Amino acid sequence: MTSIDAPLVSTNADVQAHLRAAMAALRIGDIETAAREADAARAVNQSPHVLIVFAAIAHSMGRHVDALGMLEHASQLEPSIGNYPDAAAAILLKLGRKTDGMFNLKLGTHLPSDPFIAEIIGDYFGDVKEIFDSFIVDRPLRTAELMMSQNMYAAALHQLEVYIGVSGGDSLSFAMIAECALQLGKAVHAQVALDALRTLDAGNKALPSLELRLAVLKGDPALIEAQFAALRPPEDMVEATTRMQTMVASPYFDSAAISLAYKAIAAFVRPIADLDPPNFKTSDAAPTLGFLCEVVDPALENLILALKEHANIKVYALSSTEPSSQKRLKSSIEDLRQAFSIDDATLAEMIRMDEVSILFDCHPIGNFSRPAVLRSRVAPIQILWLREDGYDDPESYDYYLADSLCEDKDGRVLKLQNFLSYPIPALEVMGRIVDLRGKRESSKREASDQVRLLAPHIASMVSDALLRCWMDILAEVPAATLALIGPSDINDPYVQRILIAADKRSLTSRIDLIDPEDFKETLYDILLDTDLILDSFPRGNRDAMREALLIGCPIVTLAGKEPYNSVSSTLARSGAQLSAIAEDVADYTAKAVALASNEGAREQFNASLRKMHKDLTLAVYETPAAELFEKSDALWRNWCKVNA
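Using the numbering used here, you'd call the opening residue of the sequence shown number 752 and step up by one each time.
Don't read these hints as lab results, they were simulated from the structure.
Model, not experiment: these values are computed from the prediction.
Check before you lean on any hint, since a few could be wrong.
What the hints assert, rightly or not - In silico lysine-lysine, PhoX-like type, Cα no more than 25 Å apart, as pairs:
(1) Lys1032 with Lys1382
(2) Lys1059 with Lys1081
(3) Lys1032 with Lys956
(4) Lys956 with Lys1059
(5) Lys1382 with Lys1160
(6) Lys1032 with Lys1059
(7) Lys845 with Lys1014
(8) Lys1382 with Lys1166
(9) Lys969 with Lys1255
(10) Lys1014 with Lys1032
(11) Lys1059 with Lys1078
(12) Lys1382 with Lys1059
(13) Lys1392 with Lys1382
(14) Lys1166 with Lys1392
(15) Lys1032 with Lys1255
(16) Lys845 with Lys857
With the hints as extra help, turn the sequences into a complete structure.
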């Protein structure tokens, strides 16, 4: 066994120099240089010291499983050294894996440290004691933060209540409770948390936006107007983005207000400091197409597979999650980078070095995951995948991709005749679900003549006009019941609005409320029991439309500008369900009544979707891929001509 006074690598000064250089590069975010230096060291010596440096590189890229595997291998090679389990403990505790983290922490505590590793690694993986103390003392709060990052708001709310019970609460925890409650549509919980936050910290910068969102949740136009008028300009990007997302998801703000919210976001976007100006080159070759996305969903996966027959493809996935569609694509293309842990400057340099000709930003509008990267101009041509009304950022995007019906006011909309914008999952899954729906409908018809309508929308999406429309539909179809998503608390303002509207028409007995958490957990069962989905307006529910197309459930949505529902209607067109799109509110009501009253029409709708899914092959992506490449190639040729 090598003693710690004479570590394995210490006999080779060149290897040590490479490892020092690798860690120095890694600390400033230069992953490429770090990997190159580590490779040079590995070429001479595949020691545990080399392994821990590669583990640090993997950890910086978010490849925690790979990093832990390398550290375990290093521990097997040098079981008498504590640095390896210490590093593993830091990663495991940050991931919330307490049992495994504690085991490695205890192991590392009883083993000596290697001087060379201590020198080059230091606390790169994190101060284990600090991580441990934070994990134990504030465990419910940290657990809640992790859960909120994964959209697990109900579970996070429970953790926060535990934390409040022990600590008495502070500004951060009450703001987090308010956020969770607003996400879950729990107006009473949100009000209590905001009252506590206001008492503790009346100047808290999160208060104005949270109070506006609560007013929207309550559906009180006068309160919304008052809160909106009291808003001060946002102080940072997070506040500006949250405010914009509240407005976009609400029926109470017009296009002018939303446009101002977008401009407020743009004011915080700055190019990356100290990044060299771009030096793009013209080329006679086919353009290299880059895709910046959270994850590669099945639709993007198959579109890229079709596109790779025409062009070189680079993909930059920014989420820590990796769905099966993304894993499949990894085996089919060479350049798919999981870049969620890479900083903006490194990502920008990476895209430039890849010589991407046209970069598509595939993030849903409002996410703004890496605005500084796009503002820094990392490709000659930058295109936003799906443009929504009210949004424009000419400094970041040259063009906006949209379907053929989108209005083009400034010549910057790239229209596709064959626009495919909703994820289509694996064919065997589609066939199984739509067949199950057919069987469920057959048994349902034998059991009951009741027609079950579903409005799968959060409270902020339900305007008074929409609520009146739903009551009109119920009144016209005596056999119908309407299920809405709302808290079980009868005193909740959202529930009160629904019950008051129903009581005025003597329809209360035909209203069902589904708790938001129950809806999430039993979504498919609920949709399989639904005869007709009523989409919201003026802004639709993208997820509801996707699920309806997948399940084969009839749905009614609204087209047009005022009120507009461009996303849902685009999805309906991409699914060849033009009959689901109403032209105005009167047409929406008429279509819903007709479908709810006619079992044969619903069966025909279901059969058409089932047939579409069963007939679907990967060839469906070839036409939009060919069209997208043709338009991209023309843009690239023109850019090269102008910049020659």
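Okay, the hints, checked on the actual structure:
{"no.": "1", "hint": "Lys1032 with Lys1382", "result": "holds, 20 Å"}
{"no.": "2", "hint": "Lys1059 with Lys1081", "result": "holds, 13 Å"}
{"no.": "3", "hint": "Lys1032 with Lys956", "result": "violated, 45 Å"}
{"no.": "4", "hint": "Lys956 with Lys1059", "result": "violated, 47 Å"}
{"no.": "5", "hint": "Lys1382 with Lys1160", "result": "holds, 19 Å"}
{"no.": "6", "hint": "Lys1032 with Lys1059", "result": "holds, 22 Å"}
{"no.": "7", "hint": "Lys845 with Lys1014", "result": "violated, 36 Å"}
{"no.": "8", "hint": "Lys1382 with Lys1166", "result": "holds, 9 Å"}
{"no.": "9", "hint": "Lys969 with Lys1255", "result": "holds, 19 Å"}
{"no.": "10", "hint": "Lys1014 with Lys1032", "result": "violated, 32 Å"}
{"no.": "11", "hint": "Lys1059 with Lys1078", "result": "holds, 17 Å"}
{"no.": "12", "hint": "Lys1382 with Lys1059", "result": "holds, 15 Å"}
{"no.": "13", "hint": "Lys1392 with Lys1382", "result": "holds, 15 Å"}
{"no.": "14", "hint": "Lys1166 with Lys1392", "result": "holds, 22 Å"}
{"no.": "15", "hint": "Lys1032 with Lys1255", "result": "violated, 68 Å"}
{"no.": "16", "hint": "Lys845 with Lys857", "result": "holds, 16 Å"}
The structure is inconsistent with the numbered hints 3, 4, 7, 10, 15, although it conforms to all the rest.
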